[in-house]
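These protein sequence lines are chains A and B, in that order.
Note that this note's numbering numbers the first sequence so that position 247 is 247, with each residue one more than the last.
Note that this note's numbering numbers the second sequence so that position 114 is 114, with each residue one more than the last.
Simulated from the structure, these hints should not be mistaken for laboratory data.
Quick reminder that beta carbons are idealized off the backbone N, C-alpha and C, glycines included.
Hints may contain errors.
Distance windows between CB atoms, simulated [claimed, not checked]: (1) B:Pro152 x A:Val99: 56 to 62 Å; (2) A:Gly211 x B:Ile192: 43 to 49 Å; (3) B:Thr61 x A:Ala14: 52 to 58 Å; (4) A:Asp80 x B:Leu294: 48 to 54 Å.
According to the in silico footprint, chain A covers these stretches of chain B (three or more CB under 8 Å from chain A) [as the list claims (entries may be wrong)]: (5) 59-72; (6) 83-90; (7) 99-106; (8) 159-170; (9) 178-184.
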Amino acid sequence: MSATDRRQFLIRTAQMAGAAACAGVLWSPLVRSQAKASAHALRPPGALPEEDFMALCLKCGQCVKACPFETLKLATVADDAPIGTPYFIAREIPCEMCVDVPCVPVCPSGALDREFTDITKARMGLAVIDPEICLSMRGLRCEVCWRLCPVRDKAITLNIVHNEGTNRHVRFEPVINSEHCTGCGICEKACPTEESSIRVLRHKFVQGRLGEHYSPSSDGDFKLQDVRRGTDIAKELNPGDKKQAAPGAGYFNRRGGRDGIIPGSTP
Amino acid sequence: MTEKQKDMAVPGKSVRAEIRHFQMPDTLGGKLRVWRFLIARRFIQVSILVLFMGTLHYGWTLFNQLVLTGNMSSSRLFGVIPLSDPFAVLQVIASLQWPHMDALIGAAIVLAVYLLLGGRVFCAWACPVNMVADLANWLREKWGIRSMFIVPSKTRYWALLLTLILSFILGVAAFEWVSPIAIMHRELIYGIGLGFIAVLGIFIFDLLVMARGWCGHFCPLGAFWSVVGRTAQIRVAFDDASCTRCGDCVKECPEPSVLSFKEAAQHGMVRSGECTNCGKCIVVCPENSLSFNLRACIRSNSALRSEHGSTS
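Bound-form chain B, shown alone (with noise of 0.2 Å):
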């Protein structure tokens, strides 16, 4: 028995509905319904970028004040509000230096959005990196393209440490200054260089080499939001009851090993850190057993609904 079919098979439980797939809405509405998510995310990863170049280029303004200047790196936000990457302000902290006030507060209020919405939510949500690397593993499960190797989704906590480290070694920010990340959304905005070859790789990457090679492996901004995410309060609620196992959430999931159906049973939801809140497995489950939820309020309904189970 591998590890899924044991997690499928639920003892002391009665036999589950019969397994529906999946099946994509013909009509155009009922498609839009499955799309939701990722046009959201879309729309978002996309008006981000659109906000800093429209600031940059032709100097958009709100009520007087540039609406965001900089990029996703460090940038201010209606002329007052700093916002930073809190892993790059780590890594200048790795390498011995201590930044301004203003770098140190906009890490802190970036670091608070995630804390509460999951760290990986800019993974799936703002990070520019991901829409290439989600066209890349569309046209490969279109192309039935195969990794050509497996490697541990941990290796990215690896790459983490080495960060940190090679930052403390080189004294300088190590990740930053090779980031593809940071490469493709600064040259989005001040002008596409040399520099966006890195994306390029990415990309090739992801479609020839690895299934889900970057974000899903080897990203340590990644691996730094994963562990931002534990204490997510937006998560994946999971209904036992409903669920068929048939496995379509699992399937599409970018991040797979985050949805085990034991784990998942058993908090009612995705408890993961390294889930991105995509949404993915939401929209194609046929059971409706999976939707997104507050923490505080998944923790209430298992505890109801175990106590519920316990008298009756």
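Here chain A stands alone, though its shape is the one from the complex (with noise of 0.2 Å):
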């Protein structure tokens, strides 16, 4: 090889660089872009981490298949999720969480941890309440989301307190408990208000997180303790079978006050 044939290769060879790279500054931005799902496209119980998840899925579908209920799609462009990535909109086929979670050992790559094998410990998503809508929150007897809650009585409770509007009756204000909830996304399918009231998003765009610096101790860990009371109270109004009548139903019979009340009886 000669001066100039060596001098011609380096340069042809440099061009052909520069083209790929050229390239890759128009595909990476491509791929980041894509590479996002939006607050309210699940994921498939059992799915890693999303970064992970991204990373692994090779977009083929098996769960789509495996899933008995066609909960699950896999996006397109434009789509809620990343191109050719499994994901479900609660609202329109939630998440029914089939006891053999049959998507789940399917997957040929992983992205869906095949370790996975308890659905209560699915965390698709977390559901989310607009007290403003909330039918229950406006005082209506509606609970239908924690009626039909898989995770009975955990994933939402209902907190009952004084209707101030009324000054009568009580509201059953439901109850997000973030260690229960699966995301399956049952109750906002089955919410009665045109737009849900409840909603089931992705962690990130729902949880907080304590700063490292955050002292725990100087709330005296107020705020689960007050989250927690409407369970509490339910229990202290109504200890006989929640099976019979709903935390708090026996308010409505009670005659004068709290001592008043007989737990599921009939009159």
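Two chains, two frames, a set of hints: combine them into the complex.
Written as structure tokens, this is what we have:
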């Protein structure tokens, strides 16, 4: 190879590398902008953390085929999830939480964790409530989300508070407990308001996080107590079998003060 | 003298038979004979898609096992045999993730099959984009549209390298996120969406901008299979003695760089990994100088011939 040949070869190689670099500059943002899912596009149960999931998912759709409820879909361009990846929109078809979790073992790449077997451990998203629209919050007897929640009376509990509006009734405020909510979305599907007042969103769009510097002792774990109060009050008011009467149902039957409650009884 | 003319003039060789060019037969039987590989390729390409679709939408089973679930990125045959696109799995590994055993075994099975058949057999016999590219090419030739610019076909290896580098940098399988091939089979099987414009893009690009633009120059998956194809056991065998150098095969070949008379004569076959084994050259050869054969047979034949040539 002569000096000119070598020179030409090096120049050509540099040109091709340059062209490849240009292509890479255009290509990378395309991939990066694709690799994002919107807050309400939920992953199948057992999905690895989003970064790992997106790296591993081969976009084959075997989980979609395995889902008996046709919950899962593969995304295409301009859908709510990155192209080719499986997702579901709870308001359309929620996850029915099959006990055998058929979508997970068929995943060939492990983007859905094979170790995952207990569907109640799924954390597909977290429910949040719009307190201004929620019928129960407005004092109506709805509680559909609480009744249909598959993690019964754990993921959603009812907080019973005095209804200042009528000054006679109570409100059964649904409360989400993040340590039990699987994010299946059955509540969102069932909510009777025109736009669902309870929605399941990915955790990172819902949950806050205390900083490293935060000292929990300063609030004496106050918040947790406060949130759970509803359950405690419900138990207090209605110590009988919960299956027979909704928590607080006895409230309507009460004559006089709290002592007049007749748990689970019929007049 | 151009490269091709140099290639055609064989020094020390007796005058070749007079050149006859390929004539499309008038009879249907003759036409079907010419189209035999084309028909077989379309049959296989469509069958793969139909099996996927039938299993997904109608739950086709064989011996109580789902026939073929998934898509060409990854699938399961008869409910047990995992199959995966080795290039997709390679990209996942390049993004520093270790896939589950199923994907690895699946990729190994597919890779083994194509190591034997020839890597780019995928391109001509399985890839659905091939149908789009062939249609664009057919129209382009019919309407006499010429390429706007020429790009070396080796560009694909840069695309391959770039795919792996980007997978590493971005932490996701870079080509799988934009692949028009993946989009096409996925959306044909699972429902056509907006992604299908990528397929339309290839059609327009191949038709108006560049002849065989996508498959012949840029596709990193094609580049991957080209590398794999170097050990292919089924190859296009070349009989130098009967060849008149009419060049009809070169005109027909979707990868013209693989058909070099000099190399083919020397080795008795088309050796390049970029050959897709599409069989287009075989059916147009008026002298039947080209045929599919096993590499081992070709090698022994050429050895025999050279031995014979040296003794006589």
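Each hint tested on the structure:
| no. | hint | result |
| --- | --- | --- |
| 1 | B:Pro152 x A:Val99: 56 to 62 Å | holds, 57 Å |
| 2 | A:Gly211 x B:Ile192: 43 to 49 Å | holds, 47 Å |
| 3 | B:Thr61 x A:Ala14: 52 to 58 Å | holds, 56 Å |
| 4 | A:Asp80 x B:Leu294: 48 to 54 Å | holds, 51 Å |
| 5 | 59-72 | holds (count 4) |
| 6 | 83-90 | holds (count 4) |
| 7 | 99-106 | holds (count 5) |
| 8 | 159-170 | holds (count 7) |
| 9 | 178-184 | holds (count 3) |
Hint check: no violations occur; every hint is consistent with the structure.
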